[in-house]
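Number of protein chains: 2
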Amino acid sequence: MIRPAIPDDVPNIGRLIRALADYEKLSREVVLDEVQLRQHLFGSRPYAEVLLAEEGPAVVGFALFFHNYSTFLGRPGIYLEDLFVQPENRGQGHGKALLLALARLAVERGCGRLEWSVLDWNESAIRFYESLGAVSMKEWTIMRVTGEPLQSLARIDPAPSHPPEENP
Amino acid sequence: MIRPAIPDDVPNIGRLIRALADYEKLSREVVLDEVQLRQHLFGSRPYAEVLLAEEGPAVVGFALFFHNYSTFLGRPGIYLEDLFVQPENRGQGHGKALLLALARLAVERGCGRLEWSVLDWNESAIRFYESLGAVSMKEWTIMRVTGEPLQSLARIDPAPSHPPEENP
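As given, the protein sequences belong to chains X and Z, one line each in that order.
Numbered according to numbering that gives the first Met the number 0, the first sequence terminates at residue 167, and the numbering increases by one at each position without gaps.
Numbered according to numbering that gives the first Met the number 0, the second sequence terminates at residue 167, and the numbering increases by one at each position without gaps.
Mixed in with the good hints there might be a few duds.
In silico contact screen, one side only, chain X against chain Z (beta carbon under 10 Å); selected entries [said to hold, decoys possible]:
1) V29
2) G73
3) D81
4) G92
5) A96
6) A105
7) R112
8) E114
9) I125
10) A133
11) G146
12) A153
13) P157
These are calculated hints, taken from the structure and not from any lab test.
We put the CB at the ideal spot given by N, CA and C, even for glycine.
Taking the hints into account, I'd like the entire structure generated from these sequences.
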């Protein structure tokens, strides 16, 4: 029912990423290139892994995740980036099975945490996750630099040889 | 001034992780094993990378980071887990230099984002990060399962062959 994705699954993973974007009404903004996706998941430097949920021969859901690392625990963790089950296949436990499979993987790999993000107004989801033992890290905020601001930041010279304020 | 860490830097990285924990008054809770740290940073499956800030021959600060992945962008990103400069070496731009070096690394590696977390009451830090072009992802909350709840989750049978609710 749940299995790790292999390179031949890339078209199915691409289809599910598009379905997730459609569901979130973001499909016009999503950048999806299956050649790149294959490279990112199964190339020489994989950036993420995927578990798939199957119903008979059909792939109906996916979980995309990667490892993070906590110096506090001195151990890696698993961060779940996307969890999605096709609307027509919901209510049959696929989402929970994917989450449980990730928890098992985390324990097998010696990870100290399993984490993911949720929109803070999605109270029913938060209650469901809390019922599974998750704690909401409400006091932490993610800061993100992307697009042109990231390019600009990368162009700043960090160590001018004669900083003006030190050479009046 | 900023350089990637090598295996011989592990004792210095360990010292800085302890100094960060001291600074956060969390040193009694931090688990730090230098043999494991070396394995996690420089073993066959590295979980994180480290940049170091040097002042003369002394290592005075570090940034520990790893790659995340966005299916929305179809690209990896960089997540900065820890940024720390020894209190006695602050005010000389080491922290900003580490952040700028990470932005350059993100662009060089084709990453779409540079992200990190901040405590939401730390308004001066948030204003500083916003001045660098970062956006605060206020609407997202991290959910975390750790410790015994993670072990419990991993023990749940996800697919009992005869779920009771389907076999009254």
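Against the structure, the hints come out as follows:
1. Hint status for V29(X): holds, given a least beta-carbon distance of 6 Å to chain Z, under 10 Å.
2. Annotation: G73(X) was flagged as interfacial toward chain Z, and the flag holds, the nearest CB pair being 4 Å apart, inside 10 Å.
3. For D81(X), the interface hint holds, since its Cβ comes within 10 Å of a Cβ in chain Z; the closest pair sits about 5 Å apart.
4. Using the Cβ-Cβ criterion of 10 Å, the hint placing G92(X) at the interface with chain Z is satisfied: the shortest such distance is roughly 7 Å.
5. The restraint placing A96(X) at the interface with chain Z holds, with a minimum CB-CB distance near 4 Å, inside the 10 Å limit.
6. Given hint, A105(X) at the interface with chain Z, holds; its Cβ is 6 Å from that chain's nearest Cβ, closer than 10 Å.
7. A hinted interface residue such as R112(X) counts as satisfied when its beta carbon comes closer than 10 Å to some beta carbon of chain Z; here the least separation is about 5 Å, so the hint holds.
8. Residue-level restraint check for E114(X) holds (minimum Cβ-Cβ distance to chain Z is 5 Å; threshold 10 Å).
9. Residue-level restraint check for I125(X) holds (minimum Cβ-Cβ distance to chain Z is 7 Å; threshold 10 Å).
10. Nearest Cβ of chain Z to the Cβ of A133(X): about 4 Å, under the 10 Å cut. The hint holds.
11. About 8 Å separates the beta-carbon of G146(X) from the nearest beta-carbon of chain Z, less than 10 Å, and the hint is met.
12. For A153(X), the interface hint holds, since its Cβ comes within 10 Å of a Cβ in chain Z; the closest pair sits about 4 Å apart.
13. Below 10 Å, beta-carbon pairs count as interface contacts, and P157(X) has one with chain Z at about 4 Å; its hint therefore holds.
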